[in-house]
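K.L.:
If you're matching them up, the sequences are chains A and B in order. Here the first sequence stands for residues 1 to 113, numbered as in my numbering. Here the second sequence stands for residues 1 to 115, numbered as in my numbering.
Note that these hints are calculated values from the structure, not bench results. All clues given are correct.
SDA-like mimics (lysine to any residue), calculated; alpha carbons at most 20 Å apart, straight line:
id	chain 1	residue 1	chain 2	residue 2
1	A	K100	B	G97
2	A	K100	B	Y105
3	A	K100	B	A54
From chain B, some residues computed to sit far from chain A (all C-beta separations above 12 Å):
id	residue
4	V12
5	K17
6	E20
7	E68
8	G72
9	Q84
10	L113
11	L115
Covered stretches of chain B, as calculated for chain A (at least 3 residues, CB under 8 Å):
id	region
12	32 to 43
13	106 to 112
Backbone N, C-alpha and C define an ideal beta-carbon position, used for all residues, glycine too.
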Amino acid sequence: AQSVSQHNHHVILSEAASLELGCNYSYGGTVNLFWYVQYPGQHLQLLLKYFSGDPLVKGIKGFEAEFIKSKFSFNLRKPSVQWSDTAEYFCALRQVNFNKFYFGSGTKLNVKP
Amino acid sequence: GAGVSQSPSNKVTEKGKDVELRCDPISGHTALYWYRQSLGQGLEFLIYFQGNSAPDKSGLPSDRFSAERTGGSVSTLTIQRTQQEDSAVYLCASSWGGGLGETQYFGPGTRLLVL
Chain A
1 AQSVSQHNHH VILSEAASLE LGCNYSYGGT VNLFWYVQYP GQHLQLLLKY FSGDPLVKGI
61 KGFEAEFIKS KFSFNLRKPS VQWSDTAEYF CALRQVNFNK FYFGSGTKLN VKP
Chain B
1 GAGVSQSPSN KVTEKGKDVE LRCDPISGHT ALYWYRQSLG QGLEFLIYFQ GNSAPDKSGL
61 PSDRFSAERT GGSVSTLTIQ RTQQEDSAVY LCASSWGGGL GETQYFGPGT RLLVL
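Kindly produce the complete structure, drawing on both the sequences and the hints.
P.N.:
What follows is the structure in structure tokens.
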């Protein structure tokens, strides 16, 4: 069965530290990959997405993610986090031939000012 | 334009009662999804509607759960004979419908507490 794994459940960083959140998936077919973010008290919103082409995807607020097909990974990165990045981050996969999404369990990021 | 809206925002009910949760998708979106987010868990897919096609109900956890979508727009998720394990945030999302650039837009969710 398809699945999305986020191994970091809770990450605590100081401002200006670099961030990398892991996301691995299990599905052998063609996939679209997403990172969603949920700021405190707000809706889930799209951070970035990968469909095809350049495996390095840039999103909003300085985030980027790299799709490494051989490793079934789509890790999220940011070189220097800010207090306002405190949120919960979800990795998601969409099977291209089915309009079905699978979400990871989320990573709570707490950035200390 | 308006985003996805859900009502009620919070619902407290007693075990054994039925509840209905409503979702208003973004106008023009043909695809609609329901998810459940339990405490400390990711989003669990429940059901997916796409236009006039038969819904994908593969994620519904039991026959106590059902959903319908009237006129290709508003959707209602019904939970019959609620149990305490049904307590969760129920999220609705909509999208244009199956294209390569597909992005889901989420509503604020309904927080359900079954006592």
